[in-house]
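Chemist: Listed below are the residues making up each chain.
Number of protein chains: 4
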Amino acid sequence: MATEMILKGIGSFFNDMIPLHQHIGLRVTDFDTERVEIRFSFDDKLVGNMTQQILHGGVTSTAMDVAGGLMAIASVIEKMEDLNDLAILQKRLAKVGTVNLRVDYLRPGRGKEFIVTAKVIRSGNKVAVTSMEMHNEEEIHIAFGTGTYLIG
Amino acid sequence: MATEMILKGIGSFFNDMIPLHQHIGLRVTDFDTERVEIRFSFDDKLVGNMTQQILHGGVTSTAMDVAGGLMAIASVIEKMEDLNDLAILQKRLAKVGTVNLRVDYLRPGRGKEFIVTAKVIRSGNKVAVTSMEMHNEEEIHIAFGTGTYLIG
Amino acid sequence: MATEMILKGIGSFFNDMIPLHQHIGLRVTDFDTERVEIRFSFDDKLVGNMTQQILHGGVTSTAMDVAGGLMAIASVIEKMEDLNDLAILQKRLAKVGTVNLRVDYLRPGRGKEFIVTAKVIRSGNKVAVTSMEMHNEEEIHIAFGTGTYLIG
Amino acid sequence: MATEMILKGIGSFFNDMIPLHQHIGLRVTDFDTERVEIRFSFDDKLVGNMTQQILHGGVTSTAMDVAGGLMAIASVIEKMEDLNDLAILQKRLAKVGTVNLRVDYLRPGRGKEFIVTAKVIRSGNKVAVTSMEMHNEEEIHIAFGTGTYLIG
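Here the protein sequences come in this chain order: A, B, C and D.
When we follow the working numbering, the leftmost residue of the first sequence carries the number 3, and every step to the right adds one.
When we follow the working numbering, the leftmost residue of the second sequence carries the number 3, and every step to the right adds one.
When we follow the working numbering, the leftmost residue of the third sequence carries the number 3, and every step to the right adds one.
When we follow the working numbering, the leftmost residue of the fourth sequence carries the number 3, and every step to the right adds one.
Be careful, since some hints might not be right.
Identical chains blur together in the list; that is why a pair holds if it fits in one copy or across any two.
As the list claims (entries may be wrong) - The calculated DSS-like cross-link candidates involving lysine-lysine, where the alpha carbons are at most 27 Å apart (straight line), are: (1) K93 with K47; (2) K114 with K81; (3) K97 with K128; (4) K97 with K47; (5) K93 with K114; (6) K81 with K93; (7) K114 with K47; (8) K114 with K10; (9) K97 with K114; (10) K47 with K81; (11) K97 with K81; (12) K128 with K47.
If you are wondering where the hints come from, they were derived from the structure by calculation, not from laboratory data.
No experiment lies behind these values; they were computed from the predicted model shown.
Using the sequences and the accompanying hints, generate a full structural model.
Modeler: Shown next as structure tokens:
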């Protein structure tokens, strides 16, 4: 099976099968071995500060962790020689987990839509390090993140 | 007004008025100037990994940020000389914000109930540093966190 | 006085007047309001692992903190309206300090020369966030860092 | 060979055989599987800010990384069944490395002597997470740190 198809399937799974993603309205809108893009729209239920209509920091950190995690998954898939054995693939992906996450909140989370992108900085045998960014629809840089994921 | 009453009011506000807290079921169960305790119960809608019934990492980071933020708020209140001027209090609290957050995921988020505690490590003129921990009902240590908050 | 001259002076000060920089052999080789570049050569006295001839992690974190700190200084200078009052400039710069630093060690610190670059991700009224990278002379990416600095 | 003797040997190695530790004057003064203590004295050559006689942040981060790394080593040793095969021990320890380090600078590094302590928060199969603190001789809390180490 082609890498592209597997990543597409994982993106769909993240969109449709994880309740928290559906609550936030997270959608994986672009996903290949180079980068991932996740989008979600502003909604009252995501607000941390009602008066100022600012996104809850937990929504930001959730989106950051999801984006970094997807790139960690992509880096595992990219390294596998045989993608046809789905049992092995599933076993490898079940081991992927966040070791730690740092989120830098740069500006208040204001906007109509939020776009989170992630890329892999380094993927070794055991851990992957990813870098994440969140912007709004006006390209205002709202948050920056670094994640470490166990991948093997 | 006494510090105790103000903290109680803020705890109630966090429990009842912030939609994301209600979705997760976050409840501030203990809050003074020394420490805060937040609890929430396991629920299918909080799961990140359906097969393994493990908490979504974003729920963990959200609870950590909330607990750290409450301690940052407590440290602002503790330093104020006059707590009767609610307008000034509100103005000061509106400036509190997360600068950055690090979450270390120590073990899979399994359990019936999760307890997040936070304390202030250092509260200066401009920033406060807090330390957070998440355990489950069996006292298994699930996550550890460090937060930096703007307080003045 | 022009920004350029002030930054040049600060670079010289960092090169010549700080004992630890001289011990490591840190040299600020490029410094403007957009980015800073710092270089140092491999030396036995900087080794953490003698058998493998790998740089001590503390040398890496030191160079990262210095590079991030210089960009925090640059962002303070860039915002000042009057650069001719050296007393005010000095007072402002004395307040710049590292709030926290995260270093991600991506690969073993092997090489003949190490190049650390930093840029500002966000500079607000009170804190600046910087991003740092360390490569060796063969452009191998050795470390990545994020720093938060108090600037006002 | 007893764990205690091995840790003593590693402590001596860190004190005597690593040039950067000797430059700083780092001494491992207490080291068992529960905690490590490292001490060093104030010295002009360790200063980052000459006017204010404050420790260079890089010295702090170096000491933090060393203390966390020693606890990661201790957790590897604690898990080994046979400590008599020095070749295997050496091979295992050669794999220990810092994945990432966060240092929170709480107060200016003033003092006559600095004491860094570390403990393991979590030691899994592949990574260990450690928590570090630096105080001066008057028990002023100067810095706090979190480290992630590859251990297997």
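Chemist: Run every hint past the structure and note whether it holds.
Modeler: Do the hints match the structure? See the list:
| no. | hint | result |
| --- | --- | --- |
| 1 | K93 with K47 | between (35 Å within a copy, 24 Å between copies) |
| 2 | K114 with K81 | neither (37 Å within a copy, 30 Å between copies) |
| 3 | K97 with K128 | both (10 Å within a copy, 12 Å between copies) |
| 4 | K97 with K47 | between (32 Å within a copy, 22 Å between copies) |
| 5 | K93 with K114 | between (38 Å within a copy, 26 Å between copies) |
| 6 | K81 with K93 | both (14 Å within a copy, 26 Å between copies) |
| 7 | K114 with K47 | both (13 Å within a copy, 25 Å between copies) |
| 8 | K114 with K10 | within (26 Å within a copy, 33 Å between copies) |
| 9 | K97 with K114 | between (35 Å within a copy, 23 Å between copies) |
| 10 | K47 with K81 | neither (39 Å within a copy, 32 Å between copies) |
| 11 | K97 with K81 | both (15 Å within a copy, 21 Å between copies) |
| 12 | K128 with K47 | neither (37 Å within a copy, 30 Å between copies) |
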